[in-house]
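Visitor: Single-letter residue listing:
Number of protein chains: 2
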Amino acid sequence: MTPFRVGLLGHGTVGGALHELIDARADAIEATTGMRPEISGVLTRSRGEFADIVERSDLVVELIGGLEPAREYILHAMRAGRHVVTANKQVLAEHGEELYEAAREAGVQLRFEAAVGGVVPVIRVIHETLAAAHIDRVHGIVNGTTNFILTEMTRTGMGYAEALAQAQELGFAEADPSDDVSGRDAAAKMAIIARLAFNARVTIDEVAYEGIERITADDIEYAKELGLSLKLLGTAERLDGGVSVRVHPAFLYGSHPLAAVNGSFNAVTIESPAITEITLSGPGAGGSQTASAVLGDVISAMIPPTTLPAPAVETPLVPDVRSAFYLSLEVADEPGVLAQVAEILGLQGVSVKSVVQKGLGEDARLAMVVHPVLESRFMAAVHLIGQLPFLRSAPRPIRVIEETFEE
Amino acid sequence: MTPFRVGLLGHGTVGGALHELIDARADAIEATTGMRPEISGVLTRSRGEFADIVERSDLVVELIGGLEPAREYILHAMRAGRHVVTANKQVLAEHGEELYEAAREAGVQLRFEAAVGGVVPVIRVIHETLAAAHIDRVHGIVNGTTNFILTEMTRTGMGYAEALAQAQELGFAEADPSDDVSGRDAAAKMAIIARLAFNARVTIDEVAYEGIERITADDIEYAKELGLSLKLLGTAERLDGGVSVRVHPAFLYGSHPLAAVNGSFNAVTIESPAITEITLSGPGAGGSQTASAVLGDVISAMIPPTTLPAPAVETPLVPDVRSAFYLSLEVADEPGVLAQVAEILGLQGVSVKSVVQKGLGEDARLAMVVHPVLESRFMAAVHLIGQLPFLRSAPRPIRVIEETFEE
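So the sequences go chain by chain: C and P. Residues 463 to 869 in this note's numbering are what the first sequence spells out, letter by letter. Residues 463 to 869 in this note's numbering are what the second sequence spells out, letter by letter.
If you are wondering where the hints come from, they were derived from the structure by calculation, not from laboratory data. Do not take every clue at face value.
Copies of the same chain are indistinguishable here, so a pair counts whether it falls within one copy or spans any two.
[To be verified] Here are the simulated EDC-like cross-link-like pairs (lysine to aspartate or glutamate), alpha carbons at most 20 Å apart as the crow flies: (1) Lys815 <-> Glu805; (2) Lys820 <-> Glu792; (3) Lys815 <-> Glu687; (4) Lys820 <-> Asp795; (5) Lys815 <-> Glu683; (6) Lys815 <-> Glu792; (7) Lys815 <-> Glu864; (8) Lys820 <-> Asp520; (9) Lys815 <-> Glu837; (10) Lys820 <-> Glu687; (11) Lys815 <-> Glu567; (12) Lys686 <-> Glu864.
Here the structure is a predicted model, which is why all the values come from computation and not from measurement.
Chain C with its partners taken away, still in its complex shape (with noise of 0.2 Å):
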């Protein structure tokens, strides 16, 4: 076993839960890497010494935020010729420049999807997939607090402070939420994203933001009456042989890609004359997804991100599975047919949950949903059904996805 040193500055909430994604996927990531990665050391207030972590480790992980000592300590592991991912927004936004020319100098890599765009992986599509590409606008809602607040106002009508009580009950604002709600936070992400997309030096000071603090139920209830939808929205483009990059709320029409992410939610659209645009979203940061964003890093800087799926492992094909289904009969319109098709739906296990009927002159329609069921039994009551007298044509089962997601 080749072990893959990694140092820990900082445990909190997204360190602790790398490390414990960490021991969780140790295995998978030796089968992948050839590499076993283990935690070498940890720095907090009260234990570790800096110094000595980085002598012990491979790569360094920052998650302290901030500028100092985190630049310090970048720079330091960096130069120690320690490969180093962090999630830290501030330092690239204010930074950035200082750091990537550090990490050229030491050939080593530093990598930082975590600091932008929660578990929506915008850097490595900005810098791999669109790497030949001609950016020419980046659209974003990278600050998921912002949004989760506008959603709310959006949907219950409340008050900006109201909302912003709420947020900071339920854990999607900070007890001091002024980083977010000012725009700052936004700022130094879309900051970080312009440097990337347009390769031109971009620091939070040039960013123009606004924040949300203005915001009222009124604007929301008129813009609502305007068909427009609201959002604390990043923009980067290119402009008359320039760029311009600002954070702002912004009114969007509905057709637009971003209009529908609601909740803590982030997501990106970026465009591009070759591809028109392409739209990442997920989850803002929490601390799962921000240690998953981290580990995706850790393991790009272990091997060059690998080309190839590891050797197959045997896995069963399962061959029935349980879906809900939509169905719809064409039924000559006489008493009884329900009866009918819902004793066979019963006798194979089938729940109905929803029926429609339209008379269609001497012929009627149904059309139902049913509760999810294995696809055998439900298919083997279509059979039975499609072989009753009044049945005008063959049933067709469409299947129906069920779940939906908490945004």
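Following the hints, position chain P against chain C.
Guide: Same frame as chain C, but now just chain P:
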């Protein structure tokens, strides 16, 4: 200048677009990678010689499609030590294990982002971003032709045959559409996705698939009444210690992230406990989109995906940008108010798109949206409006994003 020689097998729509894209982006790619991509040979039915092209290439792009001679060419090129990039879903869904194994033995890269999901980077996200994640399920709309047809049927109420004919006319369906409408194309893509997501050996023969040929306008109409939207859905999921991979028409509730994916777009939702889910969407395969995905793979094969932005190029920040605005004004409800506001806007060159006025006892609220205008002009008008004597509170402007996307 270090050249990076790309041999091109096939020169149809995608090959032609790739050739153009490489020419257009060679400078940018050289700046990032230190190597300059150049087409070292092209094989078509009428010109070129395969062995000769392999000899003169560092990497071979296979765009012939189908099983043979594509399989043989890919194997031969890899055994000769060449990296391969392919957009060929058939050969991967049928002979994937053999090809992956050959790449491993030869120590070369085999990349195939363009084979699945158009420009949506599903392979890269599963392989890299989620390298450490335990993926539970992937849902995908991975065939643009069928999604276009179903969207048109839903939008207009037309029948399947008519919608297919229209898709053919507009170039969204081929003259022989059977591979698409039968679900077989989507099945091949889901087999490739399942292989990567679950590390399970899945070939297209093991994917159960149904197409959209039996779907009627009535099905869609009835489903609308039940609040459902109809998609040709690919599903790959872990189930009972095994996996299930299937493609079939399915109704989705409106809250499902794939329910709103319309037209020829592709989208994929990847579910994993650590991240909840990520949704990726973008245009389905078109010549330039596929070429862009291929080129992203070519660049990743040239150098391990870069972790750092290239040194920054001096780029001016544009201080003043055009935007549409929403403006909310609380005013005294007296004659001439709207006229004075309109006059100020007009003098600054601001053109009003829509206005809503509402009485609130002695006061009134004016909410308006104006056409795009330079921010400085609009803010100058807002400043002047803010000084009008009948204003009850400070004017509150919010930007409006005007553009909507063609799907």
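Visitor: List in ascending order the numbers of the hints, as given earlier, that are violated by the structure.
Guide: 8, 11
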